[in-house]
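**Student:** Residue-level listing of the chains:
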Amino acid sequence: MSGLKKILGLLWIALGPVIIIFLFMQAADKIGAAAEGIARTNTTLQWAIIILIFIPICTGLVIFGYYAWKGEYDHLPESSEEL
Amino acid sequence: MRSTESNVTQSITQVIAASSLGTLIEWYDFYIFGSLAVIIGQQLFPSDAGASALINTLAIFAAGFIVRPFGALVFGRLGDLIGRKYTFLLTLVLMGGSTFLIGLIPSYSSIGYAAPVLVLILRLVQGLALGGEYGGAATYVAEHAPVGRRGFFTSWIQTTATLGLFLSLGVIVLTKNILGAKNFADWGWRIPFLVSILLVVVSIYIRMKMHESPVFSKLKAEGKVSTNPLKESFQKKANFKMVLVALFGATMGQGVVWYTGQFYAQSFLENTCKLDFNESRYILLWAIVFATPFFVIFGSWSDKVGRKWIMLAGMLLGVICYRPIYQYFLDATNVKEMQKTMLLGQSEPVVERGLVPGKADSLITTTVTKTLTNGMTFKESKVEVITEDVLAEVAAVETVIKDVTLSQSSYIVIILLVFFQVVLVTMVYGPIAAFLVELFPTQIRYTSMSLPYHIGNGVFGGLVPFIATLIASFQGSTPLSGLWYPIGIAALSFIIGAVYIDNRRDDNVMD
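As they're listed, the protein sequences go chains A and B.
Numbering-wise, the first sequence is residues 1 to 83 according to my numbering.
Numbering-wise, the second sequence is residues 84 to 594 according to my numbering.
Source of the hints: derived by calculation from the structure; they are not laboratory data.
For every residue, glycine included, the Cβ atom is placed at its ideal position computed from N, Cα and C.
Any given hint could turn out to be false.
[As the list claims (entries may be wrong)] Incomplete in silico selection of chain A near chain B, CB under 10 Å:
id: 1; residue: Leu-45
id: 2; residue: Trp-47
id: 3; residue: Ile-49
[What the hints assert, rightly or not] No farther apart than 27 Å at their CA atoms in a straight line, the calculated lysine-lysine pairs in the BS3-like style are these:
id: 4; chain 1: B; residue 1: Lys-453; chain 2: B; residue 2: Lys-265
id: 5; chain 1: A; residue 1: Lys-70; chain 2: A; residue 2: Lys-6
id: 6; chain 1: B; residue 1: Lys-465; chain 2: B; residue 2: Lys-419
id: 7; chain 1: B; residue 1: Lys-265; chain 2: B; residue 2: Lys-357
id: 8; chain 1: B; residue 1: Lys-462; chain 2: B; residue 2: Lys-357
id: 9; chain 1: B; residue 1: Lys-423; chain 2: B; residue 2: Lys-465
id: 10; chain 1: B; residue 1: Lys-265; chain 2: B; residue 2: Lys-485
id: 11; chain 1: A; residue 1: Lys-5; chain 2: B; residue 2: Lys-320
id: 12; chain 1: B; residue 1: Lys-168; chain 2: B; residue 2: Lys-265
id: 13; chain 1: B; residue 1: Lys-357; chain 2: B; residue 2: Lys-419
id: 14; chain 1: A; residue 1: Lys-6; chain 2: B; residue 2: Lys-320
id: 15; chain 1: B; residue 1: Lys-319; chain 2: A; residue 2: Lys-5
id: 16; chain 1: B; residue 1: Lys-485; chain 2: B; residue 2: Lys-462
id: 17; chain 1: A; residue 1: Lys-5; chain 2: B; residue 2: Lys-391
id: 18; chain 1: B; residue 1: Lys-319; chain 2: A; residue 2: Lys-6
id: 19; chain 1: B; residue 1: Lys-453; chain 2: B; residue 2: Lys-357
id: 20; chain 1: B; residue 1: Lys-320; chain 2: B; residue 2: Lys-391
id: 21; chain 1: B; residue 1: Lys-419; chain 2: B; residue 2: Lys-462
id: 22; chain 1: B; residue 1: Lys-462; chain 2: B; residue 2: Lys-265
id: 23; chain 1: B; residue 1: Lys-357; chain 2: A; residue 2: Lys-70
id: 24; chain 1: B; residue 1: Lys-485; chain 2: B; residue 2: Lys-423
id: 25; chain 1: B; residue 1: Lys-391; chain 2: A; residue 2: Lys-70
id: 26; chain 1: A; residue 1: Lys-70; chain 2: B; residue 2: Lys-320
id: 27; chain 1: B; residue 1: Lys-391; chain 2: A; residue 2: Lys-6
id: 28; chain 1: B; residue 1: Lys-265; chain 2: B; residue 2: Lys-292
id: 29; chain 1: B; residue 1: Lys-423; chain 2: B; residue 2: Lys-391
id: 30; chain 1: B; residue 1: Lys-485; chain 2: B; residue 2: Lys-419
Taking the hints into account, I'd like the entire structure generated from these sequences.
**Tutor:** Right, here's the structure in full:
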């Protein structure tokens, strides 16, 4: 199980930036479409909110992956003294 | 011995009752906005804003969720510094005051864009207050609960969010039925907001009589109160890594399951399936009534079998079942297709004439009420725009379906399907307060548990209606496309939770 936790850690490290890049690409695509009058509900403000919210969350996912890769979750604390 | 046990039970019952009432009212305040999103959108934005009015209103609704983690930090810090009791007394006053003021904000036609800006500011205050409230109430009850029954006792606090939603829907439906649809849309929607002030006064009175948490009082007496809980929570790696695993492995998935089952379901039935205003709310009301006891059942069960697998099973079932459930919603309300073979009759057409907002073009709306052989009814409106020029050319014709009422069998099946979704909510949400309380030590508990809870629920969960509606508006998307957001998040959380979280119960929270 520890091995799986570490390997998945690498996946979480990669997933953070991938999500942000995906969101930027979606934003550019949809805002562009809105500018051409195809979908007026996709505005810059809405996408800016989404991206601003998910940047810190994805950063947290990368940190989580890093901790997992370093083996920080191989043993979770049994009591608060271990924290 | 028996008398001591009885005193403890009596005491914890009073603690739960006093904490739950205030928390329930805060949830009521928070949810009336979402339940009235369509009407509020019409009041806050220009009349020709169309779909963007709803999406912008959902964005304001979501803004309240997004700031919840900041409320958790600010009030969590206060709670760990000055105590649980006074902190969530303050959050209650802020929540009640801002809700009351939303009910007084003039509409767009009176003050223009100042209306949505003012509502946004008040919505942010609501979000901050709720961010501080829940962690305090859950911590307060958990720190009073006897060992081995923490899941059972905190599950009562967990019912308050759903009951707050129930109360908000009930007050809205009741007000609308008394005033009629037109008065309700014009000014009656303000009443549920204004009523809040009465509920808050009662709750403040009850909470003033509560005592401080015994665990916090002991810490205070021993001089062990944290001097900087924020720093201890997030700069100490051992604590921060637990905050991260709680967020990604539990609260993130729990948040999307909660808001899909209890918010998106109703929004989907009303806006996508075009179900009648009252009918979509009655469905959710019935589902909540039957499912609410399961919060306590799963909370109590988690005391015996552990918290982890109950919560993760709820997420997995959501991932598997959401698409078939919502596909049924679409099929059962597809009156456009049904009327080809099942049309029983239709009413005399009602013609309304007016002007296109902001233009001189004429707008003619012809509405008929149709009845199908299976008992379903709906309104079909043909909207014609006639240009101003001398030729009086018909520029656009659009057919709109609305106010669909279901056949009895479909009505019951849809209630059962929404009930099933709310049961999933009880699986992920019933045990989570006990899970979070046991994860963090007393000194930093209010701060540490509040943050992952409110990011999971406020950000991931609260954004479900907004992001799902946005995805469904993409070119080439289907009405079910919006579900990929909650399905993806719940699946990710399930994997992280299954791999990284232990299925243990920590009996000692007095540390």
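**Student:** Take the hints in turn and mark each one as holding or not.
**Tutor:** Going down the list of hints, with the structure as the test:
A distance limit of 10 Å between C-beta atoms decides the matter here; for Leu-45 (chain A) the minimum to chain B is near 8 Å, and the interface restraint holds. Residue-level restraint check for Trp-47 (chain A) holds (minimum Cβ-Cβ distance to chain B is 9 Å; threshold 10 Å). Restraint check, Ile-49 (chain A) versus chain B: the minimum CB separation of about 7 Å is within 10 Å; hint holds. Distance hint between Lys-453 (chain B) and Lys-265 (chain B) is fulfilled; the C-alpha atoms sit about 22 Å from each other, no more than 27 Å.
Taking the CA atoms of Lys-70 (chain A) and Lys-6 (chain A), the gap is near 7 Å; set against the 27 Å cutoff, the hint holds. Proximity of Lys-465 (chain B) to Lys-419 (chain B) is assessed by CA-CA distance (about 13 Å); at most 27 Å being required, the pair is judged to hold. A hinted pair counts as satisfied when its Cα atoms are at most 27 Å apart, and Lys-265 (chain B) with Lys-357 (chain B) qualifies at roughly 18 Å. Of the supplied pair hints, the one linking Lys-462 (chain B) and Lys-357 (chain B) holds, its CA atoms being roughly 10 Å apart against a limit of 27 Å.
In summary, the hint linking Lys-423 (chain B) to Lys-465 (chain B) is supported, as the alpha carbons are separated by about 17 Å, within the 27 Å threshold. Our distance criterion of 27 Å between C-alpha atoms is met by Lys-265 (chain B) and Lys-485 (chain B), whose separation comes to about 16 Å. Only pairs whose Cα atoms come within 27 Å are accepted, and Lys-5 (chain A) paired with Lys-320 (chain B) is accepted, the gap being roughly 18 Å. Taken as a hint, the Lys-168 (chain B) and Lys-265 (chain B) pair is broken in the structure, with Cα atoms around 43 Å apart against an allowance of 27 Å.
For a cut-off of 27 Å, the pair hint linking Lys-357 (chain B) to Lys-419 (chain B) stands: about 11 Å separates their Cα positions. Of the supplied pair hints, the one linking Lys-6 (chain A) and Lys-320 (chain B) holds, its CA atoms being roughly 18 Å apart against a limit of 27 Å. With a C-alpha separation of about 22 Å, the suggested pair Lys-319 (chain B) and Lys-5 (chain A) falls inside the 27 Å cut-off, and the hint holds. Between Lys-485 (chain B) and Lys-462 (chain B), the direct Cα distance comes to roughly 5 Å. Compliance with the 27 Å bound is thereby established for this hinted pair.
With a C-alpha separation of about 17 Å, the suggested pairing of Lys-5 (chain A) with Lys-391 (chain B) holds against the 27 Å cut-off. Under the criterion of a C-alpha separation no larger than 27 Å, the hint pairing Lys-319 (chain B) with Lys-6 (chain A) is consistent with the structure, at around 21 Å. Between Lys-453 (chain B) and Lys-357 (chain B) the CA atoms are separated by roughly 14 Å; this keeps the pair inside 27 Å, and the hint holds. The hinted pair formed by Lys-320 (chain B) and Lys-391 (chain B) meets the criterion: a straight-line CA distance of about 23 Å does not exceed 27 Å.
Taken as a hint, the Lys-419 (chain B) and Lys-462 (chain B) pair is honoured in the structure, with Cα atoms around 11 Å apart against an allowance of 27 Å. A distance of roughly 17 Å separates the Cα atoms of Lys-462 (chain B) and Lys-265 (chain B); the hinted pair therefore holds under the 27 Å criterion. Pair hint Lys-357 (chain B) plus Lys-70 (chain A) does not hold up; C-alpha atoms about 51 Å apart against a cutoff of 27 Å. Restraint check for Lys-485 (chain B) and Lys-423 (chain B): satisfied, since their Cα atoms lie roughly 17 Å apart, inside the 27 Å limit.
Proximity of Lys-391 (chain B) to Lys-70 (chain A) is assessed by CA-CA distance (about 24 Å); at most 27 Å being required, the pair is judged to hold. The straight-line distance between the Cα atoms of Lys-70 (chain A) and Lys-320 (chain B) is roughly 12 Å, inside the 27 Å bound, and the hint therefore holds. Only pairs whose Cα atoms come within 27 Å are accepted, and Lys-391 (chain B) paired with Lys-6 (chain A) is accepted, the gap being roughly 21 Å. For the hint pairing Lys-265 (chain B) with Lys-292 (chain B), the CA-to-CA distance comes to about 43 Å; that exceeds 27 Å, so the pair is violated.
Pair hint Lys-423 (chain B) plus Lys-391 (chain B) does not hold up; C-alpha atoms about 50 Å apart against a cutoff of 27 Å. Restraint check for Lys-485 (chain B) and Lys-419 (chain B): satisfied, since their Cα atoms lie roughly 11 Å apart, inside the 27 Å limit.
Against the hints set out earlier in the document, violations occur for numbers 12, 23, 28 and 29.
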